[in-house]
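If you read the protein sequences in the order shown, they are chains A and B.
Quick note: to get the numbering used here, add 1 to the position in the first sequence (first position is 1).
Quick note: to get the numbering used here, add 15 to the position in the second sequence (first position is 1).
There may be inaccurate statements among the hints.
[What the hints assert, rightly or not] Among the chain A residues that face chain B by a calculated CB cut under 7 Å, a handful are:
(1) LEU12
(2) THR30
(3) ALA31
(4) GLY40
(5) ALA44
Bear in mind the hints are in silico, worked out from the structure with no lab data behind them.
Ideal placement from N, C-alpha and C gives every residue a C-beta, glycine not left out.
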Amino acid sequence: MPEQLDLGPHLDGNALAGPLREIFAVDVTAATSRCAACGQAGALAGLHVYASAPGMVARCPSCEEVVLRMVRTPDAAWLDLRGAVALRIPM
Amino acid sequence: MARAAVPGRLSWRVGRLAEARQETPTARTLVLDVPGWPGHLPGQHVDVRLTAEDGYSAQRSYSLAAPAEGGRVELTVQSVPEGEVSAYLTGVYSTGDPVELRGPVGGWFVWRPAGTQPVLLVAGGSGIVPLMAMIRSRRAAGSRVPFRLIYSVRTPGDVYYADELRRRARDDAGLDVTFVYTRAVPEGWPHPPRRIGVTVVNTNGWPPALTPDCYVCGPTGFVETVADILVALGHDPRRVRTERFGPTGG
Chain A
2 MPEQLDLGPH LDGNALAGPL REIFAVDVTA ATSRCAACGQ AGALAGLHVY ASAPGMVARC
62 PSCEEVVLRM VRTPDAAWLD LRGAVALRIP M
Chain B
16 MARAAVPGRL SWRVGRLAEA RQETPTARTL VLDVPGWPGH LPGQHVDVRL TAEDGYSAQR
76 SYSLAAPAEG GRVELTVQSV PEGEVSAYLT GVYSTGDPVE LRGPVGGWFV WRPAGTQPVL
136 LVAGGSGIVP LMAMIRSRRA AGSRVPFRLI YSVRTPGDVY YADELRRRAR DDAGLDVTFV
196 YTRAVPEGWP HPPRRIGVTV VNTNGWPPAL TPDCYVCGPT GFVETVADIL VALGHDPRRV
256 RTERFGPTGG
């Protein structure tokens with residue numbers, strides 16, 4: 002992703018905690034994810050989250066590729082984890 | 016939306032305003048009674064949902080400002096220009112009124128009172144809220160972990176919890192508090208207004224060799240700046256936890 006692409010202001014992965022806790026029984030924002038594009042590993046809480054898109058788009062803080070997208074409709078949640086090789090979830 | 020609560024999964028609860036305190040002209044602390052509240056860790060937040068009569072609903076996240084006392088929780092809400100949720104919560108929302116909330120959520124930007132590492136807290140503006148929860152929890156738990164707080168605000172009138180911070184800086188052994196004023200300083204202050212920089216963080220934080228846990232919370236630009244300074248000073252990036260308060264709040 003070119004650096005000059007201006008994605009505007011962002012939040013961070015902490016903002017995913019509520020929406021993801023609706024789906025998962027444990028907090029996933031403390032999980033470590035590895036970026037499929039650049040290999041950087043870090044807490045989901047550290048991702049850059051753009052919430053002005055329809056739903057939430059979380060990007061890698063290192064390469065800005067999309068790691069995760071989440072859209073909540075009235076009767077379903079769409080979770081797209083395309084950019085995460087794996088999650089390590091502390092139990 | 017009433018749905019049976021699934022154990023372990025998050026569901027909405029109804030809280031009611033028990034009391035409110037004005038922190039600054041634009042920030043208000045809400046003390047809510049939330050029956051069945053499961054407790055929380057300092058640094059965690061809640062999602063708050065308002066629903067209008069026509070079914071339109073809006074949702075925002077707010078940090079919890081204090082340890083829970085039974086079913087009683089505290090949030091401090093900053094009114095933001097054109098913020099539909101914050102305008103309601105800091106304005107017309109009155110004692111006894113209901114609000115929907117779910118939580119606690121977030122397991123990363125938290126301090127555990129059993130922790131033993133020294134702690135550095137760096138707040139920009141309303142970013143003080145989750146850090147204040149940590150300061151309050153430290154005292155409540157009788158922790159002796161040394162805490163240092165660097166709190167950046169525009170003017171002295173923008174300081175949240177001003178009296179309590181003054182009192183705790185005096186009475187809570189092992190807690191140091193440093194203020195940075197970016198637009199106007201109190202009378203007799205030794206510096207003109209300034210932004211937080213390497214000098215302030217280096218002088219009032221901890222040496223990296225002590226491997227402190229660092230928590231940085233504030234607007235995105237502030238958080239990036241401080242996190243970069245900490246890493247440049249030699250702090251392990253894995254010990255620098257950040258939470259950004261974005262412009263999308265309100």
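Against the structure, the hints come out as follows:
Given hint, A:LEU12 at the interface with chain B, holds; its Cβ is 4 Å from that chain's nearest Cβ, closer than 7 Å. For A:THR30, the interface hint holds, since its Cβ comes within 7 Å of a Cβ in chain B; the closest pair sits about 5 Å apart. Among the interface hints, the one on A:ALA31 holds; its C-beta lies about 4 Å from the nearest C-beta in chain B, closer than the 7 Å criterion. This hint is violated: A:GLY40 has a C-beta 16 Å from the nearest C-beta of chain B, more than the 7 Å allowed.
Among the interface hints, the one on A:ALA44 holds; its C-beta lies about 5 Å from the nearest C-beta in chain B, closer than the 7 Å criterion.
The structure fails hint 4 only (numbered hints given earlier).
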